[in-house]
Every structure is written in structure tokens, then in C-alpha cells.
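**Q** These protein sequence lines map, in sequence, to chains A and B.
For the first sequence, the numbering used here assigns the number 489 to the initial residue and increments by one for each residue that follows.
For the second sequence, the numbering used here assigns the number 489 to the initial residue and increments by one for each residue that follows.
Keep in mind that a hint or two might mislead.
Identical copies carry no separate label here, and so any pair may be met within one copy or between two of them.
[Claimed, not checked] Calculated cross-link-like contacts (lysine to any residue; reagent style SDA-like; alpha-carbon spacing at most 20 Å): (1) K800 / V887; (2) K800 / R894; (3) K528 / L587; (4) K713 / K775; (5) K584 / G835; (6) K591 / Y622; (7) K899 / Q725; (8) K775 / N867.
No lab work stands behind these hints: they were computed from the structure.
There are 2 protein chains.
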Amino acid sequence: MEKTLRGACIIGQSGGPTAVINASAYGVIRTALDAECITKVYGAAHGIKGVLNDRLYIMDEEDPYELELLKNTPSSELGSVRYKIADPDKDDKDFKRILEIFKKYDVRYFFYNGGNDSMDTCEKISRYLDRIGYECRVIGVPKTIDNDLYGTDHCPGFGSAAKYIATSCMEVSKDARVYDTGMITVIEIMGRHAGWLAGSAALASFCGSGPDLIYLPEVDFDYEKFCSEVADLYKKQGNVLIAVSEGIHDANGKFISEYGSSLAKEKDAFGHSQLGGLAVQLADELKRRTGAKVRGIELSLLQRCGAHLASKTDLDEAVLAGKAAVEAAVAGETGKMVAFERKTVNGNYSCETKLLPLKSVANLEKKVPLEWIAKSGNNVTQEFIDYALPLIQGQPERVYENSLPRYARLKKVLAK
Amino acid sequence: MEKTLRGACIIGQSGGPTAVINASAYGVIRTALDAECITKVYGAAHGIKGVLNDRLYIMDEEDPYELELLKNTPSSELGSVRYKIADPDKDDKDFKRILEIFKKYDVRYFFYNGGNDSMDTCEKISRYLDRIGYECRVIGVPKTIDNDLYGTDHCPGFGSAAKYIATSCMEVSKDARVYDTGMITVIEIMGRHAGWLAGSAALASFCGSGPDLIYLPEVDFDYEKFCSEVADLYKKQGNVLIAVSEGIHDANGKFISEYGSSLAKEKDAFGHSQLGGLAVQLADELKRRTGAKVRGIELSLLQRCGAHLASKTDLDEAVLAGKAAVEAAVAGETGKMVAFERKTVNGNYSCETKLLPLKSVANLEKKVPLEWIAKSGNNVTQEFIDYALPLIQGQPERVYENSLPRYARLKKVLAK
């Protein structure tokens with residue numbers, strides 16, 4: 489049996505925020521507060537930067553009700569960070585500082601909630617502490633709307649973003665088809681390298697009202713083919729709705745967002761960077777070619793912070809991931825990331841946690857399988873729908889004040 | 489007592505769609521189907537164009553449950569139109585055609601759901617039919633997210649759009665302040681001439697997490713003042729969130745969206761129209777001046793079709809407006825628009841309908857009172873909050889399928 493390890497814990501949030509990353513923080517904090525061997529629970533202000541800068545919030549001081557409201561609160565309430573930590577074998581300056589802080593607060597548990605890069609940070613800290621013989625259990629908690637983490641069936645954050653995207657596409661589809669005078673609408677969706685989010689727009693069409701064409705970064709984007717596909721459909725049905733991933737690129741790997749439209753290209757000749765996003769540029773080019781009325785819509789930050797449209801499944805699983813991380817650490821695990829395994833029980837979706845070595849997930853990217861992309865290259869297949877649909881199910885209970893969301897109000901008392 | 493008028497009715501939807509315009513259609517259709525003197529209920533395909541083109545859907549053929557789902561369905565389900573009808577005293581071609589169709593289907597009730605321009609259409613039809621002595625009762629049903637209709641306390645559609653804007657601003661506010669590296673975010677909100685929608689962003693700040701600065705079109709926009717206000721705040725607090733109405737303009741009445749940023753201005757010199765919206769342009773200029781990381785977000789169509797965030801108050805009132813229109817017409821009224829009167833009962837908000845002559849509302853615009861705008865010109869006052877807050881209250885019951893909205897699926901059987 490694993491010996492009990494007594495000491496404090498730190499939870500840090502890292503990378504782009506999501507609608508449910510605070511739900512994972514809640515899972516970690518609540519479980520850690522309830523764990524007998526965990527003597528104190530600290531939240532790092534802005535992830536690893538909070539450790540390096542000795543800025544730790546004492547979670548034990550928070551009102552339990554406010555902590556519970558973290559499930560209602562989008563974005564990273566403790567603050568996030570994008571900080572690439574060195575390899576401890578080459579430069580251990582940051583790690584020495586981390587050790588100093590860990591010793592100061594007797595930190596024996598470290599939970600880091602993030603995507604690929606954060607798992608890399610997590611792995612390096614784990615490796616360093618192990619090497620110098622400081623006993624500390626390090627567990628990664630997955631998070632990313634991009635759903636591109638390796639080794640896990642899906643990631644907390646994806647289901648809610650997918651639900652936001654699908655719902656918004658349904659609504660825009662209704663709006664953009666309201667006149668009989670014709671219109672081409674381009675919706676730009678996040679996902680620089682993987683098309684999970686753009687593909688989720690297909691859930692809207694599956695439910696009766698969504699994009700006609702969807703372009704993912706897994707397939708090289710052919711500008712001429714795209715324009716003729718849209719023009720044909722415009723001629724045929726008058727209204728066309730298109731969803732594109734921000735990460736679509738040509739066969740040479742050049743992002744289409746860097747092309748600009750023909751106008752932007754002319755401007756580029758004067759050495760200026762272009763204005764407007766991909767959606768506006770594609771819409772502009774389609775207007776030039778078809779004469780249609782066009783509109784470019786970028787879902788922007790809204791898609792990753794749309795907590796009011798969170799999936800209950802996603803939110804519950806986000807809490808579960810945090811809880812599982814603490815339970816695993818208390819049980820003696822370290823150097824692992826919590827991952828999800830999909831089970832089908834009596835034909836119904838269910839999800840269990842498992843542990844993966846941090847080393848096996850850090851810095852890898854999981855893309856949409858090519859066989860889940862339609863042969864036409866402009867849509868996803870039923871397999872994609874079957875994969876994504878269970879992840880957006882259910883409406884979580886929401887707490888309102890004045891009929892607007894009531895977010896957690898933490899005291900954030902700094903440890904000294 | 490008014491004599492009973494037997495005959496068919498037509499309901500048409502016009503202008504920009506909203507989250508609850510179909511709820512008003514439901515109010516009209518359901519009440520008309522239940523009214524003994526109304527022999528048939530037609531929905532005009534694309535508003536007045538559907539009348540001119542003899543494209544009328546038979547609402548009696550629809551499944552009652554699907555009709556009820558109109559309350560769950562954003563945008564104009566019958567199709568909308570932007571068509572400026574002539575003055576019947578100058579050119580009666582369209583009106584002769586309308587009369588022909590009205591006679592063909594024995595139409596004695598005409599309900600038109602829209603904003604300023606639609607009330608103008610409504611008034612002209614009413615005037616023409618009255619002049620030539622064809623008995624038909626014409627009632628306008630108000631609708632506009634812009635909330636700029638004259639003579640009514642507020643308009644159906646505004647409360648839901650305001651709620652979408654406030655909720656989205658709360659979420660973006662959480663997201664945009666997540667890093668400690670500083671960011672300036674500009675959110676562009678609809679409203680070409682009136683700042684009701686942009687002002688609604690203040691509801692987010694009132695609830696604890698929203699824009700720092702809000703600019704309405706009621707106040708001349710001073711570009712230099714704006715830039716220095718933002719720069720000062722950025723220096724002070726690192727993160728700044730700004731909401732601007734798309735309609736902000738300088739003292740000469742020129743829209744700021746036509747300025748472009750300094751880059752766009754250079755491009756204009758080559759005679760090209762600019763790319764990107766106001767938010768991107770302002771963000772770009774703020775980046776140039778402050779060196780900050782910036783992001784421009786346009787809420788675009790999402791704010792007017794965001795039915796999933798509809799206000800229950802707004803939705804109920806939208807149904808009420810449709811119902812009141814039919815009841816008034818059946819009771820003998822014509823040439824009127826349904827309007828709202830705000831009552832305070834035991835300190836609580838309540839709303840009653842009244843009737844206004846179409847002539848008194850057509851083509852007029854109601855703006856935000858200057859005394860509801862902060863002296864600084866970059867925010868609204870508590871009076872604005874007190875006005876808007878009751879209108880966003882309550883979450884309507886929503887119907888889901890696969891956890892996504894279940895919209896009405898109408899048969900749309902064409903009358904012959």
C-alpha cells in the first residue's frame with residue numbers, strides 16, 4: 489500500500505480559457521479540501537507564473553458556496569498564463585525557484601490544468617522534482633476547447649465550445665436565410681491545427697439548420713475549388729452558409745488567413761498587415777467573384793467562454809477530471825495526466841477516467857481522423873456526429889442574479 | 489357596438505429578424521385561428537413581397553405544436569423583406585395588386601410585424617384601403633432589437649438582444665482579463681442611430697463583469713478623446729474592455745466605421761473599400777497608439793438571433809403584442825400599432841399594451857435620452873440600467889432535441 493503523503497497542494501490554470509476550466513478547478517479544490525492528507529489548498533495566480541512569483545491564493549479561506557459557483561463561471565478564475573518553461577536538464581533556474589516555493593509552503597501535490605504545452609510544463613516539473621528527490625505528486629488535468637490532446641477520447645472544454653458553435657450556427661443559419669435576395673455567410677471557428685471545433689458546426693446541420701459547407705485544417709484548402717463550390721451552391725439555392733476553421737491552409741502549409749483577399753493582397757504589396765479576420769476576407773473574395781451580398785462572422789472569444797451554453801456532460805466531466813486527479817495523487821500516482829475513456833453501456837454513452845504518463849501526451853496533437861471527413865473535403869461524416877453529439881448533451885443548472893449569470897466571487901487571499 | 493367583420497387574415501414579417509419576432513407571429517396566428525370571425529389565417533412569404541407575389545402560406549394547415557415552437561425559433565420563419573413601398577397618393581401600382589390579392593382571399597385583417605419602415609408600409613396600406621373603401625383592419629405589431637420605435641416604452645426583440653449582449657459581455661470580460669500581460673478588447677454592437685443595444689452592455693458591468701467604457705451614437709465620437717481615455721485606463725489597470733455602437737460618428741455626422749484605422753485610410757487613398765468592421769479598426773488603431781495586445785469582436789448577427797438567450801419577459805410580451813393586435817382588430821380597430829406602456833405595480837415592473845395611430849409612429853426614431861448617458865460620454869447612468877434591467881428578466885422554457893434547440897418545422901402549404 490502506498491504511504492500517505494501529507495502536505496499542501498497547488499492548483500494552477502494555464503493556456504486559453506474554456507467555459508468549464510473552472511469546473512475542473514472546482515473538482516481539484518473541493519476534493520483537495522476534503523482530503524485529510526492535504527493540509528492546505530493554494531491556487532496559483534496565473535498558473536506557473538504564480539508559483540515563480542510567490543503569488544498563491546489560499547483556497548481554504550474561500551466561502552464554499554462561492555467555490556461551487558466556479559462551475560457557473562467561464563474563463564480561468566485564478567488567471568492563466570502562456571509561459572514556456574525551459575528543459576530542466578538544460579536550464580534549471582525556474583525549477584530551483586519552484587522548489588523553493590514548494591518547500592516554503594510544504595507543497596506535496598501539484599495539479600496543472602491545461603493543454604499540450606501545460607502538460608509539457610507539468611512533465612518537466614515532475615521530472616525535475618523526481619530527479620532531485622523532492623517528494624511531490626504531479627498530476628495534469630486536461631483542458632482545451634481544441635480537443636487535440638493525445639491519448640484521451642476527448643478534452644474537457646470541447647463539448648461546451650462545440651455546443652456553443654452548433655447553437656450559434658443554427659441561429660445564424662436561420663437569420664442568414666431570412667431574405668429571398670441571396671446571401672453568402674462565412675463563419676470562422678477556432679482551431680489552428682485540428683478541425684474538431686469547425687466540424688462541430690455539422691451538429692447544427694444534423695439538427696436541421698446549419699452550414700452547407702465546412703472546411704477543416706486536416707484537408708489542404710484549395711482556394712479555387714472552394715470558390716467554385718460556394719458559387720455553384722449560391723446559384724442553386726441562393727443562400728449559402730459556410731463554416732471554416734481559422735487554421736485552413738494551402739498545400740504548402742500556408743495559412744489562408746495570411747493570403748487575404750485580392751484587396752488585402754494589393755495592400756500587402758505596400759507592406760501593411762491586413763485588417764479583418766479570415767471570415768471577412770473569404771466573404772470579401774466571394775463577393776468579388778459572385779456579386780452576392782456577403783457577411784463574415786468570427787465567433788472569436790465567445791466560443792470558448794460561452795459558459796451559458798455549457799454542456800452538462802462536459803461540465804460534469806470537467807469536475808470529474810479534477811476530482812480524479814486529486815484522488816490519483818492521494819493514492820500515490822505522479823507524473824500522469826487524467827484522460828477520458830469512452831464506454832458504451834447499454835448503447836448509451838458513458839465516460840471513465842484513466843491515467844496516462846505525462847511524457848506520452850506532452851506536445852502531441854490529435855487531429856480529426858481523415859476518414860471522418862467527407863470525401864468532398866467540405867464536410868464531416870456521420871462518424872464525426874456520432875463522436876461529438878454525446879459530448880454536448882444536457883443543460884447544467886445555472887445560477888442567475890438579475891437573470892444574468894452569477895459568477896464566483898473569490899476573496900483571493902494571498903499566502904505569505 | 490362594432491359590427492363583426494368576417495374574413496381571412498394575413499400576417500407578414502418585415503425588416504431585420506429578432507430572437508422573438510416569431511413569438512409575435514405565434515401570438516397573431518394562434519389568436520386569429522381561435523377568433524370566430526377570422527375565416528382563414530395566411531402567412532405572407534417574405535412580408536409584403538409575399539402578398540405582391542401571391543405567395544401565402546396557409547397557417548390553418550400547420551400542426552398546433554409546431555406553431556407553438558415558433559416561440560423557440562429565432563429569425564423570421566415566414567421570411568422577411570426590405571421593400572420600400574411607394575406613397576399610394578403618388579403611385580398606386582403595388583396597392584392595386586395588394587387589393588387584388590386581398591379580394592382573391594377575402595382578406596379583411598392585415599397584421600404587419602416590423603420596425604419603423606414596416607409601420608410606414610402598414611400605414612400606407614391602411615390609408616389606401618380606407619380611401620378606396622375596401623373594409624380591412626390593419627394593425628402593426630412592433631419589432632426591433634434597436635428599440636427605437638416611437639411611442640412605445642420598448643419594443644419586442646430588444647430585451648432578448650440586450651440579454652444576449654449583456655451575457656456575452658460578461659463572458660468576454662472574464663476571458664479578456666485572464667492573462668496579466670494586458671489586453672484591450674473592443675466589442676462592436678448593433679444600433680446604427682440609437683444606442684439602446686450598446687448601452688445594454690452596461691448591464692454586464694452592473695452585474696460585476698463588463699465593459700469599462702461604452703460609446704453610444706447619441707454622443708458625437710471624439711477619436712482623440714477616445715484614444716486617450718482607453719490609453720489612460722490601460723496604463724492604470726492593464727486590461728480594458730470597450731463596447732461601441734456600430735453607429736458612432738463624429739461631430740460632422742460621419743460614421744467612424746467609414747474612417748477606418750490609419751492603415752485603412754491609406755488604403756482608401758487607392759480607392760478600395762476597407763476590410764473588417766469597426767471593432768477591428770478601432771482595436772488596430774489602439775494597438776498602434778498603445779502597443780497593447782488588442783482584439784476586436786463584432787457581435788454581428790448573433791446578437792439579434794440569439795434565441796437561446798431570449799428574455800422570458802421579452803418573449804411573453806412579443807406573444808402579447810401579437811395577441812393584442814388581433815384582439816384590437818376583431819374589436820374594430822384599424823390603422824393602429826400595438827405599443828407598450830410600463831406600469832409599476834407594488835414596486836414591480838409590469839407592462840400593458842395600448843394602441844397608437846400608425847401615422848404617429850411611422851418613420852420616427854426614439855433615441856437614448858441624453859440624461860441617461862454619463863457626463864463623461866463613455867457610459868450610461870443608473871436610469872438606463874433601471875429602464876433596461878426589467879426587460880431581460882426570466883429564462884423562457886426551451887424545447888431541445890439532442891440538447892440543441894428544436895425549432896418549428898412548418899409545412900408552409902401555399903394557398904392557390
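**Q** Each of the hints needs a verdict: does it hold here or not?
**A** Taking the hints in turn, this is what the structure says about them:
1. Taking identical chains as interchangeable, the C-alpha atoms of K800 and V887 lie at most 20 Å apart whether they share a chain (14 Å) or sit on different chains (16 Å).
2. Taking CA atoms no more than 20 Å apart as the test, K800 paired with R894 passes in both settings, with 17 Å inside one copy and 18 Å between copies.
3. In this assembly of identical chains, the alpha carbons of K528 and L587 lie at most 20 Å apart only when taken from the same copy (17 Å versus 80 Å across copies).
4. In this assembly of identical chains, K713 and K775 lie within 20 Å of each other by CA distance solely inside one copy; the values are 16 Å within and 36 Å between copies.
5. Proximity of K584 to G835 under the C-alpha cut-off of 20 Å is found in neither arrangement, the shortest distances being 51 Å within a copy and 62 Å between copies.
6. Taking the shortest alpha-carbon separations for K591 and Y622, only the intra-copy value of 9 Å comes in at or below 20 Å, while the best inter-copy value is 90 Å.
7. For a Cα distance limit of 20 Å, the shortest separation of K899 from Q725 across copies, 19 Å, qualifies, whereas the shortest one inside one copy, 56 Å, does not.
8. In this homomeric assembly, K775 and N867 never come within 20 Å of each other (Cα to Cα): the closest approach is 22 Å inside a single copy and 37 Å across copies.
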